[in-house]
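Protein chains: 2
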Amino acid sequence: MARRVGSLVPLAAAVLVLLVAAGAGAAGHDDEAAARRTMEEFAGFPASDGVDGERSSSSAAAAFYVDSDGLQRQIDELASFSDSPAPSVTRVLYSDKDVQARRYIKGIMNQLGLTIREDAVGNIFGHWEGSEAGLGAVATGSHVDAIPFSGKYDGVVGVLGALEAINMLKRSGFQPKRSLEVIMFTSEEPTRFGISCLGSRLMAGSEELAQSLKETVDNQNVSFFDAADSAGYKMHPEDLHNVFLKKDNYFAFIELHIEQGPILEKEGIQIGVVTAIAAPASIKVEFEGNGGHAGAVLMPARNDAGLAAAELALAVEKHVLESGSIDTVGTVGILQLHPGAINSIPSKSHVEIDVRDIDEKRRNTVIEKVHQSATEISKKRGVVLSEFKIINQDPPALSDKSVISAMEFAAKQLNLEYKLMISRAYHDSLFMARISPMGMIFIPCYKGYSHKPEEYASPEDMANGVKVLALTMAKLSLQ
Amino acid sequence: MARRVGSLVPLAAAVLVLLVAAGAGAAGHDDEAAARRTMEEFAGFPASDGVDGERSSSSAAAAFYVDSDGLQRQIDELASFSDSPAPSVTRVLYSDKDVQARRYIKGIMNQLGLTIREDAVGNIFGHWEGSEAGLGAVATGSHVDAIPFSGKYDGVVGVLGALEAINMLKRSGFQPKRSLEVIMFTSEEPTRFGISCLGSRLMAGSEELAQSLKETVDNQNVSFFDAADSAGYKMHPEDLHNVFLKKDNYFAFIELHIEQGPILEKEGIQIGVVTAIAAPASIKVEFEGNGGHAGAVLMPARNDAGLAAAELALAVEKHVLESGSIDTVGTVGILQLHPGAINSIPSKSHVEIDVRDIDEKRRNTVIEKVHQSATEISKKRGVVLSEFKIINQDPPALSDKSVISAMEFAAKQLNLEYKLMISRAYHDSLFMARISPMGMIFIPCYKGYSHKPEEYASPEDMANGVKVLALTMAKLSLQ
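From first to last, the protein sequence lines stand for chains A and B. So in UniProt numbering the end of the first sequence lands on 479, straight run, no missing numbers. So in UniProt numbering the end of the second sequence lands on 479, straight run, no missing numbers.
In short, the hints are calculated from the structure, not lab data. Take these hints with a grain of salt, some might be off.
List of simulated lysine-lysine pairs, DSSO-like, C-alpha gap at most 27 Å [stated by the list, open to error]: (1) K284(B) / K247(B); (2) K266(A) / K214(B); (3) K401(A) / K247(A); (4) K447(A) / K266(B); (5) K380(A) / K214(B); (6) K369(A) / K247(B); (7) K379(B) / K318(A); (8) K380(A) / K369(B); (9) K214(B) / K318(A); (10) K170(A) / K106(A); (11) K214(B) / K318(B); (12) K266(B) / K380(A); (13) K447(A) / K380(B); (14) K380(B) / K318(A); (15) K266(B) / K106(B).
Treat the numbers as computed from the prediction; the structure is a model and nothing was measured.
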């Protein structure tokens, strides 16, 4: 049965305010009237905790609840499309599991009566036409791809949760003025091609990415275009430009996401209102040494590419800590040795580094120091630094005041405790901010765990996030 | 056409001495006569550089040459059975390429009229019955498996070279008293199951290995027995004991091998007479940390299993250098991170370490220090040292005086400059030494390169090695 989370009283209140907001913000008379009618429906009925089934279709308030069981069921079903055993999830761009997940999302969009559009790279848009379709739409969304052996909430809560938010608004009889849109972004995770937020980066008009994708291949040397083709997205390089979106396309973009950090849980706060997203950067490094027989080559005669990689990994940590700022983080998540035999000295090594900070300058200083270390290590060990490539070095993004206030408004109306905070993880919002006013809603997650199987968000926390998202979208759609 | 390498004069001389040796060493009258007949054939004819074809079947001396072109052709053909592109060779235990290589070797044994036997794990024996089959045989041989992206001479020279040595003795009409045997050992390289010298270790009667093989699986979780089955070696665990050999099975074992070090080439010496094999050890280490999101988990909250692995790799180098001995070497050839995504903190790491020394005590001290470091690192970083397993920790092996003197005798008779030396790399001889008097013949290789595609030995150097092996076996077979 559908569990109903949270009292509905605050919703009625929230709606009264929306009513005023609508009255104030509405453009034409008809729309104003339409908006008022909808809002009156919200306000007109008392809160009810009616048992399942006895739900009068006319009772918007009664209908304005989160189907937490349904949402959890969808999250579990989506998690079953995985290339690694449960509870872990592995869903890599354009893999069979990714294609199955896409089909699953489009299925739900269909059930909700949304108009579906897919662009060249597979960004999926579920569109709910507003009464003033000419105005910029209010969009929300996230991703469903999952790095190897990760969890089932990262990104997913922002897609399935957004669809449940739409469901709530539909159940309640809400009629949007600005169109509402749910986006499932392609490849937020860099797993396959080393490019993070591939879909949103392109939407935001990255000509650089459009160009580099022409030469991009994965570890198996499969080109980006062949991989896309295998997932049903056959395209020509020029088609990439059709993914670009105009700046006035969206009036606002809001992303619902688990915090991926421990703060909200630790402080017992239900909602995080994100004011800025930290600036991520990623780097690929390759060393080439001499290799040889692990028994026969004496230590002074060695140029061990593996030890060079090990030193660099520790140098990354050192330089990050030297920054003295708690907000600076650096990670070596990939370190590969060639040929990779116990009795063979590594002749090549491959390292991938992730550095982030809310302060772009400070982050770039760390990157410079890492580069210096890589050069020094290669000299010291007589190995060649054959590659030091900064794959991306993005600036941080600021949330838009209008979106922040709409999110704060919603949280207040729902009597949810919220906190203004920074997102240390990057999200598609980082790039949506380039073409639209942006904001993010965080919910607590267990111990701040993410990118591993232990990742977890409670049904209550997800329901709170979905309600804040629904109310925020409703408010913005009426502006 | 067959190139003839080296003058044949010394051979005639060598043979005169063998004649005496034979006379002295022979047991029964008939055998003595038989041996003398054979030796007279050697001695009876003048050295000849006769052009191809004009080779009188009765002319043993003329026939006593190395078919260097044939040997090189076989080496190149064998190298074509590889899972990586030329010039690199990758031939892993029980893979299709390994099976093809085995078929190729048996084909040559057949052509030479040797009696072929294969034991349960696929050690292959080519037997040439001597006039006194009851006596312990004189054996030689090596391996043809190749670690990923390695070269085509390691091991191969000791198998194809040994078969060419047999060919020489047959061409010359030599009649062995003690049987001669060429062995192709199974899996000298530890690539697939982390066990080095699997075949010779079992022959030497390692009950410990016979037991552990019951639980052994490869990286793909394929069991040893399933892998063997797929290569045509279906067996029950008990069959492993049939691989064990009795101590009196062999009168002597000699292995021909490239040096895999730079000494002979640097000093311009043609033959290395090995007096001892350094003691190898290999260790598997696993750390388990917490992992998590590379952006969201702050540095103080991390337990990075990858950085623990990096520190351990550098600690191995440090402890080896601290030994102060040029003969101590340590290598981290395998370092793997889990989950292996650029934006995920490594939650697990796997390290494989190779430590060797001609001084067993000194090597074991290094292993103890590495273990201490692993423990300290795990405490410092708050990661679990979930495994520190010494896979093998073998003692060094000494060559037998009788075999050393036979090898020296042969080199002298062939007017080849030789040097007594140590083998830093381990070989199947390390384990054959447990059940038979053992000796090894080294030849120079380019820059001492091994375990990489640049590995190379010249036809001249291989021919010298083959001749020394042939003469050594002939001498020992008559004792």
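Hint-by-hint comparison with the structure:
1. K284(B) / K247(B): violated, 32 Å
2. K266(A) / K214(B): violated, 48 Å
3. K401(A) / K247(A): holds, 17 Å
4. K447(A) / K266(B): violated, 61 Å
5. K380(A) / K214(B): Given pair K380(A), K214(B) is violated - Cα atoms ~45 Å apart, limit 27 Å.
6. K369(A) / K247(B): The hint is violated at about 62 Å.
7. K379(B) / K318(A): holds, 18 Å
8. K380(A) / K369(B): Holds: K380(A) and K369(B) sit about 25 Å apart, inside 27 Å.
9. K214(B) / K318(A): Violated. K214(B) to K318(A) sits at ~44 Å, over the 27 Å cutoff.
10. K170(A) / K106(A): holds, 17 Å
11. K214(B) / K318(B): Judged against 27 Å, a Cα distance of about 36 Å means the pair is violated.
12. K266(B) / K380(A): Holds, because 25 Å separates the two Cα atoms, which is no more than 27 Å.
13. K447(A) / K380(B): At roughly 22 Å apart (the allowed maximum being 27 Å), K380(B) and K447(A) satisfy the hint.
14. K380(B) / K318(A): Holds, at about 15 Å.
15. K266(B) / K106(B): With a Cα-Cα distance of about 36 Å, the restraint between K266(B) and K106(B) is violated, given a limit of 27 Å.
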